[in-house]
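There are 2 protein chains.
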Amino acid sequence: MSTDTSLPIRTVTDPDIKATYAVDQSVGATAPSQFEVVRARDLEDVVEVLRWAHETRTPVVPQGARSSLTGSSVAIEAGVVLNTEGLDAISTVDPLEALAVVGPGVITKDLKDAAAAAGLFYPPDPASSAFCTIGGNVATNAGGLCCVKYGVTADYVRALQVVLPGGEVIRTGHRTAKGVAGLDLTGLFVGSEGTLGVITEVTTRLVPAPDPALTVLATFGSLEAAGRAIVALRLERHLPSLVELLDRAAVAAVQSLADYGFPQDCEAVLLVQSDRPGHTADDVQRYAAVLAEAGAVDVAVADDAAEADLLLAGRRALSPALEAKGPRYLEDVCVPVGRLTELIRSGQEVAARHGLEIVMAGHAGDGNLHPSIFFDADDASSRARAHQAFTEIITAALRLGGTITGEHGIGTLKAPWLAEELGERELERQRAVKALFDPRGILNPGRVYWS
Amino acid sequence: MSTDTSLPIRTVTDPDIKATYAVDQSVGATAPSQFEVVRARDLEDVVEVLRWAHETRTPVVPQGARSSLTGSSVAIEAGVVLNTEGLDAISTVDPLEALAVVGPGVITKDLKDAAAAAGLFYPPDPASSAFCTIGGNVATNAGGLCCVKYGVTADYVRALQVVLPGGEVIRTGHRTAKGVAGLDLTGLFVGSEGTLGVITEVTTRLVPAPDPALTVLATFGSLEAAGRAIVALRLERHLPSLVELLDRAAVAAVQSLADYGFPQDCEAVLLVQSDRPGHTADDVQRYAAVLAEAGAVDVAVADDAAEADLLLAGRRALSPALEAKGPRYLEDVCVPVGRLTELIRSGQEVAARHGLEIVMAGHAGDGNLHPSIFFDADDASSRARAHQAFTEIITAALRLGGTITGEHGIGTLKAPWLAEELGERELERQRAVKALFDPRGILNPGRVYWS
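From first to last, the protein sequence lines stand for chains A and C.
Take the first sequence: its letters are residues 1 to 451, numbered as in our numbering.
Take the second sequence: its letters are residues 1001 to 1451, numbered as in our numbering.
These are calculated hints, taken from the structure and not from any lab test.
Every residue, glycine too, gets a C-beta built ideally from N, C-alpha and C.
Watch out, some of these pointers could steer you wrong.
[Stated by the list, open to error] Here are the simulated lysine-lysine pairs, BS3-like style, with alpha carbons at most 30 Å apart:
(1) 1109(C) / 1325(C)
(2) 1109(C) / 149(A)
(3) 109(A) / 325(A)
(4) 112(A) / 149(A)
(5) 1149(C) / 1109(C)
(6) 325(A) / 18(A)
(7) 149(A) / 1112(C)
(8) 1018(C) / 1109(C)
(9) 109(A) / 1149(C)
(10) 112(A) / 1109(C)
(11) 149(A) / 1149(C)
(12) 149(A) / 109(A)
(13) 109(A) / 18(A)
(14) 1325(C) / 1018(C)
(15) 1112(C) / 1149(C)
[To be verified] Anything over 10 Å on all C-beta distances counts as not near chain A; from chain C, calculated:
(16) 1015
(17) 1098
(18) 1130
(19) 1252
(20) 1267
(21) 1285
(22) 1327
(23) 1342
[Claimed, not checked] Some, not all, of what chain A presents toward chain C, calculated at C-beta under 8 Å:
(24) 345
(25) 367
(26) 433
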């Protein structure tokens, strides 16, 4: 074993640049006092870092665009940030085999665009798709706005290339349409948040291109009426490609950035889309009727793709709009769709009891809610109450048969609750699985499994 | 540790009944001289057997309908067959959450029918769906006739209940539409062929019901022309829901059972279906044009669902029809769709060189071919040549970027080739994963990992 403990690879030395790699978008993320940053340029760089870090037992934080909301890509004290943004090649888009092969640093939107250029579609669509990376999407099993019809990232990952601690390069899955030779480890890595290995190549399934989506926007006098509409939409034979909910405060936040065309005199807005080839106009008319039947106060069909795009841009502006409102705990609970209204009611009750503003929004068609729990950063009591509210919404989601995280992952933010969802025994099993791949525990230590 | 080594549960004693649980549908399957059979009636039976077997280090063969073609459910000498056909409850079909919860002993067709009764669709469709079970489908990641449009069983398994050696009952995955709390072990169990645990409950995703399929049948003067048609169909924006290939001998075998309406004066037949709501007639007309353009000699659109059903019944009769022809090695290789014609050519060359009849058929839209390599059971040379041909087709598939098994699994039949596909190092890793769940190696020992 070498006694040389200095990183055998070029690191970022400029302190300002280095600082940008220290944190992600999670609440309260701060840089550690000492860490290194490696911007990998190729597979060999990743191998080199993981060989060295394994040997020297140095913590490694795999990192992409740092859009994580859970702290999973924040630098660790005395550790190395291994950023893979530079592995951004789209090496294959194959219409016949209906797959793409891309580096982990490819921006999600760039893969979507490359697929579209070949007449195909890569559905996963986190709200951050303009700047998040495929590597991060795989590491968190990202979802987003498409999932009510198209599912999540895991549904599109066919094969991976991964570098393990020690530097071994492995391949999981298969490129053929079917393949059952041995265990499929792919699903283990999807959603593992950089705790098992570093993803260096992703083979994704692609599907035929849909039509440009048309949108219907409905306003509701109560969140409960919106909840009834969501249930009715889920029972449609032709599922919407998007069912997004924003409450009054969410709409106000979006409209405060720019006029995206959202009406502000209502308790809740639902955005509903169809992208079904040849039938987008039929479908949105049908959805409009369903929304009206469920009790919508006003229903407006976006007449053309431009208007539909503007509304969707408004939805995508929600994250920065809420970010601008001030510090918040951002929830990501997911419950059965039939329990969503109860979850929202619980959240409202929590807000009232703690005297907090909690903005409700999310991927309603999946039962995946993102309440934003705002607090005053200068008021310790406000922050403590917000954290208590955060805890209570998690508890409510579990009570309703849901999960503590639908798509953001565990990171450091939710690590204290993982055992509550899985049980200690299952958590022990998962730690044992991790130890198979990372026996020295160098990858994202202290995160997810929280031991 | 108990010194009582007798099974603490009722076993099958009637020798004739017991014999039916000794073998599956794999070539040359024979009963061992000594084994026990337990027909589990509930979860507790499975727990009891796995507790006892772990303690006594007794081999256990998890088993469903014994439709395996690879020997994965054949009884093991001095072992216990643990049959879960009796766990056949369909406890939930939930249109709102779009899922079903079923026991492993549910017949695939029964789940499909239960979904259909609720206006939903469970797509996985092995040719054996009338008698195979969901537990077996999950254990092999079964595919079948739907996969060109709908994917495989793994794409529909959302959560599992599994009993591990020692009797621990675990749950994997989630019932919500999204969920990323911790590692998802579900994908490890899907396709693990009874080597990691015994599946006792399956939560499947359901999708909206398609229309009853219409069918177009095309005849070709050469397998190569059929190959061109397959490629053209894969590039259609509205993917067929089925693209099946049968060569001349396969058609003759089917027609020898009954008149299913297949024309016999051609080198190959393609069956192509559309189930797209509202567009089955448009689509099959379009596919007919694509097939003609690719060089089909004759193209016939089944005018109604009854005619389409008859053709599909013919396709489903292929397995028994070929079975009736005599002993055979049944292949299950899968290659990129663009290499399928090369694979077929390789198979024909192998047949000619060894003086064997090799019947070509399979799920052409997935590149998943099932050559049947016939031999004379009374002629050792014929059997040896057939086995050599079997080997050579596997080698050809690997050379073409394919896999040794698309959907049947490894079992005992393909175990000698798994290392060739995965490499010894990956195989060692997979054995280590197995050891985490089954540290004493009691589940299907000697199968799949072949150590």
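Tested hints:
no.	hint	result
1	1109(C) / 1325(C)	holds (26 Å)
2	1109(C) / 149(A)	holds (25 Å)
3	109(A) / 325(A)	holds (26 Å)
4	112(A) / 149(A)	holds (16 Å)
5	1149(C) / 1109(C)	holds (19 Å)
6	325(A) / 18(A)	holds (27 Å)
7	149(A) / 1112(C)	holds (20 Å)
8	1018(C) / 1109(C)	holds (26 Å)
9	109(A) / 1149(C)	holds (25 Å)
10	112(A) / 1109(C)	violated (36 Å)
11	149(A) / 1149(C)	holds (15 Å)
12	149(A) / 109(A)	holds (19 Å)
13	109(A) / 18(A)	holds (26 Å)
14	1325(C) / 1018(C)	holds (27 Å)
15	1112(C) / 1149(C)	holds (16 Å)
16	1015	holds (34 Å)
17	1098	violated (7 Å)
18	1130	holds (21 Å)
19	1252	holds (27 Å)
20	1267	holds (23 Å)
21	1285	holds (15 Å)
22	1327	holds (24 Å)
23	1342	holds (14 Å)
24	345	violated (18 Å)
25	367	holds (6 Å)
26	433	holds (6 Å)
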